[in-house]
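There are 2 protein chains.
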Amino acid sequence: MREVVIKALLVDPSNNTPVVLLKDRASRRAMPIWIGEPEAMSIAFGLQSEEFPRPLTHVLMARLIEGLKASVDRVIIKSCEDATYYASVLLRDVNGELHEYDARASDSLALSLRSGCPIFVAEDVFDDSAIESPFADEDEFHEFVESDLDLDVFRKLSGGSGRGDSAREET
Amino acid sequence: MREVVIKALLVDPSNNTPVVLLKDRASRRAMPIWIGEPEAMSIAFGLQSEEFPRPLTHVLMARLIEGLKASVDRVIIKSCEDATYYASVLLRDVNGELHEYDARASDSLALSLRSGCPIFVAEDVFDDSAIESPFADEDEFHEFVESDLDLDVFRKLSGGSGRGDSAREET
Numbered sequence: 001m002r003e004v005v006i007k008a009l010l011v012d013p014s015n016n017t018p019v020v021l022l023k024d025r026a027s028r029r030a031m032p033i034w035i036g037e038p039e040a041m042s043i044a045f046g047l048q049s050e051e052f053p054r055p056l057t058h059v060l061m062a063r064l065i066e067g068l069k070a071s072v073d074r075v076i077i078k079s080c081e082d083a084t085y086y087a088s089v090l091l092r093d094v095n096g097e098l099h100e101y102d103a104r105a106s107d108s109l110a111l112s113l114r115s116g117c118p119i120f121v122a123e124d125v126f127d128d129s130a131i132e133s134p135f136a137d138e139d140e141f142h143e144f145v146e147s148d149l150d151l152d153v154f155r156k157l158s159g160g161s162g163r164g165d166s167a168r169e170e171t
Numbered sequence: 001m002r003e004v005v006i007k008a009l010l011v012d013p014s015n016n017t018p019v020v021l022l023k024d025r026a027s028r029r030a031m032p033i034w035i036g037e038p039e040a041m042s043i044a045f046g047l048q049s050e051e052f053p054r055p056l057t058h059v060l061m062a063r064l065i066e067g068l069k070a071s072v073d074r075v076i077i078k079s080c081e082d083a084t085y086y087a088s089v090l091l092r093d094v095n096g097e098l099h100e101y102d103a104r105a106s107d108s109l110a111l112s113l114r115s116g117c118p119i120f121v122a123e124d125v126f127d128d129s130a131i132e133s134p135f136a137d138e139d140e141f142h143e144f145v146e147s148d149l150d151l152d153v154f155r156k157l158s159g160g161s162g163r164g165d166s167a168r169e170e171t
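Residue numbers (the working numbering), protein chains in the order written: chain C, 1 to 171; chain B, 1 to 171.
There may be inaccurate statements among the hints.
Calculated from the model, a selection of chain B residues having no Cβ within reach of chain C, i.e. all distances over 12 Å [claimed, not checked]: (1) M1; (2) E3; (3) V5; (4) A8; (5) R25; (6) A26; (7) R28; (8) R29; (9) L47; (10) S49; (11) R74; (12) G116; (13) P118; (14) E123; (15) E132.
Result set (EDC-like, lysine to aspartate or glutamate): computed pairs, CA atoms no more than 20 Å apart in a straight line [said to hold, decoys possible]: (16) C:K78 - C:E3; (17) B:K69 - C:E100; (18) C:K69 - B:E97; (19) B:K69 - C:E97; (20) C:K69 - C:E97; (21) C:K78 - C:D24; (22) B:K69 - B:E100; (23) C:K69 - B:D93; (24) B:K69 - C:D93; (25) C:K78 - C:E100; (26) C:K69 - B:E100; (27) C:K78 - C:D127; (28) B:K69 - C:D73; (29) B:K78 - B:D24; (30) B:K78 - B:D102; (31) C:K69 - B:D102; (32) B:K69 - C:D102; (33) C:K78 - C:E123; (34) B:K78 - B:E100; (35) C:K69 - B:D73; (36) B:K69 - C:E66; (37) C:K78 - C:D128; (38) C:K69 - C:E100; (39) B:K78 - B:D124; (40) C:K78 - C:D102.
Derived by calculation from the structure, the hints in this document are not laboratory data.
For glycine and all other residues, C-beta sits at the position ideal for the given N, C-alpha and C.
All chains should be built: construct the whole structure from the sequences, respecting the hints.
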């Protein structure tokens, strides 16, 4: 297992799809994962610690877990088959017991940001898709997030999923 | 409080936004709620009991709750302010204690479908936006869902959020 951090959230210009860049903690290598737009928005706001007026889905999920006196121990990206990632969310319940749940990688990453838990990737999965990270150090990353990560892109992409539910949308 | 059921999921042609129709159990009246596309897709698949190859976000949420030996007791749409609905999810923990969580109406409805819990709406909220339901009885509803509810509309709208996360999207 390799511990990674969410290093960047970008939009692939070739197909307008969000990409999460997961960087190995122990090297400069990173792996990309293409994800859905709602999860990308949740990750974008999680990265910037920005809160919506109404709780986003993964914020609600983290609060439910916390309210039941459990915690997210870690999330693991375990395998990749037919270009689809398979991940697990591991919860520790009030008695200290671990529970493992099959999950999509995007939900796992969005939940990890809300709970602050570590993210692991299986060695073979990481090695198969790893690239050299474009970011040399943490400073460059923060600079990138502050200057280039345009949340409006995700707001627009998500088509309003993060907003409160409306009695009537404006036309 | 008024108990309602999710009676239909439609797309408002004026702005291409999904609408959930909540029907009063005790009358023919119903109220519409305009929601986001990812939640609409989750509700659409929940209504037809169709499963994605990978767990959708609200399926994961329901499994986490169940795994922690809690259950969704009910969801309540409590108020509407500035055209935004405020809802609550009520969980019953392993000791029988109730926990209330602030939530968006769309997340509450999607979670109710996965857990089978009842849905309530505050009287004043219901009365403010209720309309006469276009569906006279259950038979008409089932007919409508089978003939007119086109899941491809939601697949298309959601831009792939329900799919597994990809190593690389097709361009």
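So which of those numbered hints doesn't the model satisfy? none
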